[in-house]
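Asks: Listed here are the chains, written in short residue letters.
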Amino acid sequence: MARVAEHAAALDVERIRADFPILRREVHGRPLVYLNSAATTQKPRQVIQALVEFYEQHNANAHRGVDTLGEEATALFEGARAKLAAFVGAPDPACIVFNRGTTESINLVAHAYGRKVLKEGDEVLLTQMEHHSNMIPWLLLAQATGATVRHLPIREDGTLELDALGSFLTHRTKIFSVTGMSNVLGTIPPLRRLADAAHAVGAVLMVDGAQLVPHLPVDVVDLDLDFLTVSGHKMLGPTASGGLYGRRELLERMDPFLGGGEMIREVFWDRATWAEVPWKFEAGTMNIAQEVGLAAAIDYLQVLGMENVRAHEERIAAYAMGRLLDAGARIFGPTDPSVRSGAISFWFKDIHPHDLATVLDQEGVAIRAGHHCAQPLMRVLGVPATARASFYIYNTPDEVDALIDALRVAERLFRTA
Amino acid sequence: MALEQLYQEVILDHYKNPRGKRAVPGAELSCSRNNPLCGDEITIYAHLEDGAVADLGFEGSGCSISIASASMLVEAARGRPLNEAQDVAVRFRAMMAGSVEPDEDTFGDLVSLTGVRKYPARIKCAVLAWDVFQEALSGAGDATGDAPH
Numbered sequence: 003m004a005r006v007a008e009h010a011a012a013l014d015v016e017r018i019r020a021d022f023p024i025l026r027r028e029v030h031g032r033p034l035v036y037l038n039s040a041a042t043t044q045k046p047r048q049v050i051q052a053l054v055e056f057y058e059q060h061n062a063n064a065h066r067g068v069d070t071l072g073e074e075a076t077a078l079f080e081g082a083r084a085k086l087a088a089f090v091g092a093p094d095p096a097c098i099v100f101n102r103g104t105t106e107s108i109n110l111v112a113h114a115y116g117r118k119v120l121k122e123g124d125e126v127l128l129t130q131m132e133h134h135s136n137m138i139p140w141l142l143l144a145q146a147t148g149a150t151v152r153h154l155p156i157r158e159d160g161t162l163e164l165d166a167l168g169s170f171l172t173h174r175t176k177i178f179s180v181t182g183m184s185n186v187l188g189t190i191p192p193l194r195r196l197a198d199a200a201h202a203v204g205a206v207l208m209v210d211g212a213q214l215v216p217h218l219p220v221d222v223v224d225l226d227l228d229f230l231t232v233s234g235h236k237m238l239g240p241t242a243s244g245g246l247y248g249r250r251e252l253l254e255r256m257d258p259f260l261g262g263g264e265m266i267r268e269v270f271w272d273r274a275t276w277a278e279v280p281w282k283f284e285a286g287t288m289n290i291a292q293e294v295g296l297a298a299a300i301d302y303l304q305v306l307g308m309e310n311v312r313a314h315e316e317r318i319a320a321y322a323m324g325r326l327l328d329a330g331a332r333i334f335g336p337t338d339p340s341v342r343s344g345a346i347s348f349w350f351k352d353i354h355p356h357d358l359a360t361v362l363d364q365e366g367v368a369i370r371a372g373h374h375c376a377q378p379l380m381r382v383l384g385v386p387a388t389a390r391a392s393f394y395i396y397n398t399p400d401e402v403d404a405l406i407d408a409l410r411v412a413e414r415l416f417r418t419a
Numbered sequence: 022m023a024l025e026q027l028y029q030e031v032i033l034d035h036y037k038n039p040r041g042k043r044a045v046p047g048a049e050l051s052c053s054r055n056n057p058l059c060g061d062e063i064t065i066y067a068h069l070e071d072g073a074v075a076d077l078g079f080e081g082s083g084c085s086i087s088i089a090s091a092s093m094l095v096e097a098a099r100g101r102p103l104n105e106a107q108d109v110a111v112r113f114r115a116m117m118a119g120s121v122e123p124d125e126d127t128f129g130d131l132v133s134l135t136g137v138r139k140y141p142a143r144i145k146c147a148v149l150a151w152d153v154f155q156e157a158l159s160g161a162g163d164a165t166g167d168a169p170h
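These protein sequences, in sequence, are chains R and V.
Taken in order, the first sequence gives residues 3 to 419; the numbers are from the working numbering.
Taken in order, the second sequence gives residues 22 to 170; the numbers are from the working numbering.
For reference, chain R alone in the conformation it holds in the complex (with noise of 0.2 angstroms):
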């Protein structure tokens, strides 16, 4: 515990908040209380000053021409791959794909992978408190291969069922798909563990670090990760910006996803030879300047420490849960901050979350509500929708005490008529 109040004392908050022009606006005449970090974060000057500077001196199209705004483009695009790839601990950059991000790398380890690995009897290994995202690409592969899905239970206290991973983990498994921490739930799994559990049956183990990479150091070699997707737009970079960490020989071993120019060798009018990884897989004009951003982002967050962030972030998940509990909301998920991140589903005196969010906005505080892109997950925790707040780098306990005091706002309202 000492260890964290120091770790958290390294952030220094005030200083971060004037970095983004975003929190001195107002809404509805309050100051505005973003705590919708898990849906995307807000962004530092340091990353819009990237994308300005990319698009007033360098702009061009990446590993096209030879003129000078062209190398200047690619040498941003590709330090940029670099940088990714060192702050998640790959061992080479060409392990890194570009694209918009988790959705698009799920997909695209689905199409490029799964197509090519899975036969009919074959099954995918998924848990209960998966994304749409990590749901609707592996549903299409199965349709497309006879494959099954499975959904590995979550327990009570929203915590993986692992008791039960050696029957839904088996020589049938190929693919284990699982978030690296919930966007509903908070949950951080042990990746490690489950990596050696896919690899023990030879499936391949893949993780959604939509959630996980923004708030936590992370470490592909360590976790003996196969496939890790990362969302830049999550983690102060702009929208499209990320993509996906694949071990080497996986991405080699695997066909292309969309063809276009730029993922090819060689091209004949009836075939076509494909570009070495990770050009493979990157067809058309690229995200360039999202990733130059993403690459600003990274550097602000390496300044601060991965460390530091996750201290901060636990300090202030245990406060909000805290006066959450004291002002009567359930919370979903652990309660342990020690375990979760530090988005915190919860229900609040049987009003809708639709209903306190409108209510929470008009005070100034932005929440989510709704089921998150996790519909079967909202089944088995027995609600329609949860309101859900996430806090970041830029979050203060005083704006947990704005949260609860709109809350009680509403409750007013709720209770008059």
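Bear in mind the hints are in silico, worked out from the structure with no lab data behind them.
All clues given are correct.
Short, incomplete list of chain R residues facing chain V, as computed with Cβ under 10 angstroms:
id	residue
1	H30
2	D357
3	D363
4	A371
Each pair of labels, with its calculated beta carbon distance range:
id	chain 1	residue 1	chain 2	residue 2	range
5	V	E25	R	D338	38 to 44 angstroms
6	R	Q145	V	T127	46 to 52 angstroms
7	V	Y140	R	R273	53 to 59 angstroms
8	V	N104	R	G286	52 to 58 angstroms
9	R	R19	V	G100	55 to 61 angstroms
10	R	D14	V	E25	38 to 44 angstroms
11	V	E105	R	H30	35 to 41 angstroms
12	R	R117	V	R101	50 to 56 angstroms
13	R	G286	V	P46	54 to 60 angstroms
Built from N, CA and C at the ideal position, the CB exists for glycine as well.
Keeping the supplied structure of chain R fixed, place chain V upon it in accordance with the hints.
Replies: Structure of chain V alone, referenced to chain R:
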């Protein structure tokens, strides 16, 4: 103040004491739909007699706006001739779209839902029950014409 305009007492009353929140026995027409954005779910049941909506009810779960709107729908359309009931739905949509002015004589409690127009994200909550209602009534030709007597 804005909140009180959205959550008027009449809306909260319909939400807490919804009218016609039940399956209708002998309903020839029923239809379910959910709002994929928020998970709200409404089922409408209608029993037709002599070309009129003799009985009407709904089941489901949702926010205060969607449940209140469903409850008001039951009050506004129950007992009306089929064509009139369909007309109410058309005019309600026009009112929510802003092309028809709210008028208490025509719309009754439904007028209170015009406060939702200022919250574009919530308009879909107000029209969910009406979507389901119109879809249910679109089967009326089959139900009245082909049903065995």
